[in-house]
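**Student:** Residue numbers (this note's numbering), protein chains in the order written: chain A, 4 to 423; chain B, 4 to 423.
Don't read these hints as lab results, they were simulated from the structure.
Check before you lean on any hint, since a few could be wrong.
The list makes no distinction among identical chains, and a pair is therefore deemed to hold if it is satisfied within one copy or across any two copies.
[Said to hold, decoys possible] Derived SDA-like pairs: lysine to any residue, alpha-carbon spacing no greater than 25 Å straight-line:
| # | residue 1 | residue 2 |
| --- | --- | --- |
| 1 | 9 | 19 |
| 2 | 358 | 27 |
| 3 | 184 | 198 |
| 4 | 33 | 172 |
| 5 | 402 | 110 |
| 6 | 365 | 270 |
| 7 | 398 | 109 |
| 8 | 252 | 359 |
Protein chains: 2
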Amino acid sequence: MALSKKPVTGMRDIMPLEMQLRDYVISVIKETYGKFGFTSIETPCVENIANLSSKQGGENEKLIFKILKRGEKLDLENARGEEDLVDGGLRYDLTVPLVRYYSNHSNELPSPFKALQMGNVWRADRPQKGRYRQFMQCDIDILGEPSNLAEIELILATTTTLGKLGFRNFQIRINDRRILKAMAAYSGFPEESYDNVFIILDKMDKIGMDGVSAELKEYGLEAESIEKYLDLFQGLEEAKDGLLYLSQKLQGVLETEVSQGLEEIMASVKATKASEFEIVFDPSLVRGMSYYTGTIFEIAMTQFGGSCGGGGRYDGMVGKFTGKDVPACGFSIGFERIILIMMENGFQIPGEHRKVAYLVEKGMDTGRLCGIIAKAQEEREKGAQVLVTRMNKNKKFQKEQLSGDGYTEFAEFYKNPLKQ
Amino acid sequence: MALSKKPVTGMRDIMPLEMQLRDYVISVIKETYGKFGFTSIETPCVENIANLSSKQGGENEKLIFKILKRGEKLDLENARGEEDLVDGGLRYDLTVPLVRYYSNHSNELPSPFKALQMGNVWRADRPQKGRYRQFMQCDIDILGEPSNLAEIELILATTTTLGKLGFRNFQIRINDRRILKAMAAYSGFPEESYDNVFIILDKMDKIGMDGVSAELKEYGLEAESIEKYLDLFQGLEEAKDGLLYLSQKLQGVLETEVSQGLEEIMASVKATKASEFEIVFDPSLVRGMSYYTGTIFEIAMTQFGGSCGGGGRYDGMVGKFTGKDVPACGFSIGFERIILIMMENGFQIPGEHRKVAYLVEKGMDTGRLCGIIAKAQEEREKGAQVLVTRMNKNKKFQKEQLSGDGYTEFAEFYKNPLKQ
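Required output: the full structure, derived from the provided sequences and hints.
**Tutor:** Laid out in structure tokens, this is it:
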């Protein structure tokens, strides 16, 4: 069979220059999140197909890379469908594996448990520019913390990390699924329509108030309810303090602790006086995943065309595994997007060391070669990066290439010691 | 469908304590190899099934996790066999992907190209203690360097890394496939028997000279040849300088450059005066993979029961992809084994920072909470790890747990400021 030089469809090789940046970003993320008490964990890339198909993953469950059973378990002849052939799949996110992990190990873990996960996930999406079928996710989650200390720590850890990576002027937008629901209830929408109302509301950024109105009508909701709903958003635009406005308007359908909780999160985050970003209440923020039960948040970088990550509270998911709910809240950085932005902006990795290239002529006698190798090793011990390589015939071109790779110092070693 | 709390068969979750060590080891490896001019690269975990089944992987090709075709490409009804259902697989090593990567990108890469890869590989081995179906490999390779500068740099980079991780008294054993062949030729074994002779020789450590003799006889080789072969090993045991002994004995069947090359590698490595390890010529070293064409080497840690990595020269593999051979040489550290040894020896990660836990009573008013959050953030900026968590009812137990997680300083914040 012919061998293929290309990576599989929709996946990509990562070149040295990008890897250098990725390694740097990973180290900043691990160090910064570590300062907040998050500890790294890892789960296998393969999960049981039943766990991946349990309706926690929404649309992503249609995009699973499925793994064939092996050995005696594979019975092609009697297989009636895919389910007879497959026992595992590549994970499509890090949340389902985290919840499985926590359910399996909660006895051995501190409570609350603050987890950091960095790992690849796979989705068989239609290949398109800038979107790959294997990509890195970077999630922090706090399990077992019911209070909004979880949200505060997650948001601060994430924004501090982004700040350390040089990001400025970004926004954290925050909302609560319970506010979304209360607004829908207040307007008189039937409960079974909520999910669809939110899907339409999510397009507010793109299609505006009129567009949302038209789509709600098309979906078959009553004109009176739609008007009442959009009046709320109109009022919000004019209100000085949106949260205060809503907590007054929604009395009776929204518990006061919800708006108080958001208030407290925003105040605590602002109290750190971080100047890189602002945190704002955004009542039109929806976040797709249906597993969210409370607060939801998103990183908005308008200068880079949109969201660079997000998260929220999903208090019900652990119970799916254990029968007993555990409070849970997470924040995911859009790692690939962040790398792309940093690459495009020509980000310079700080604090690089000396880079020296030793060019060694062929045919050097062993004794002199030994001396050169020992010298290189000494320089490395002192902190320099030293490349020992053979001298090419076209030495000028070789040095140009090495300069391109970042080498700024050169030492040449000839067979004939007098040439030194 | 019932959800499973366990990881899939043969794979495992990694707990925070081990992850901390893994992260530390990864950072030491990246930094040390970086000093030698190795640059990180990454390839997708999924490869085309044709590439994985091209006979480069030996026995590992029987252990592939195969991935089902998706969408319209999957035609269950008309599938006659596995090959109709599968288009990809999880990589079983990092060498085949590296060679594909190099073939695909050699125009954009420096020559010689020094690559560092750290990544998971998958093998559907029968599950057994300490052996998992997903594990991390850590490979360095030099492509495009025909001279033994490649071997010298690979060995020094690897031993320097092991030294930085605290390993002492280990051995690098080195041999050359061409010496193995010359010894077989000198003894008069037929060429088609070489691979089997080497497989038997590989057991020398376990079954001794007599055992090897018996198995060679059983395999059907002539008694005279066997005697001649074992006499060589007998002579080697008595010889002061094994390499010199062999180069004299094997005159005519072994090119002098082979033994000179090994000599030079050993001398250059010794010239660095590294005291952590010794490098020795081992004529019974075989290394399994049939793709090796020249030098082969292995890290021996007898106190930990055997090999902790190895590698060698495989000048023919790039040609399988491009039609044009490129010199190639690699060294792989047994990452999982190293982690296991370090865990068992209670390795202490150096240079940890202050670890402070803030215990915050429930119901704190927002203003005071803001102050606490701001203070935590300041301490983090100054380098401390600060965990902000709610105060449990059983504070004593909570502190004991946190001590177990490494927190040595505690600050308590009460609702009632007078309690402070």
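**Student:** Next step is simple, just say for each hint if it's right about the structure.
**Tutor:** Here is what the structure says about each hint:
1. 9 / 19: Within one copy only: 17 Å inside a chain, 36 Å across chains, cut-off 25 Å.
2. 358 / 27: both (17 Å within a copy, 24 Å between copies)
3. 184 / 198: within (9 Å within a copy, 71 Å between copies)
4. 33 / 172: within (23 Å within a copy, 33 Å between copies)
5. 402 / 110: This pair counts as between: shortest inter-copy Cα distance 17 Å, intra-copy 58 Å.
6. 365 / 270: between (67 Å within a copy, 17 Å between copies)
7. 398 / 109: Close across copies (19 Å), not inside one copy (60 Å); limit 25 Å.
8. 252 / 359: neither (68 Å within a copy, 43 Å between copies)
Consistency with the previously given hints fails for number 8 only.
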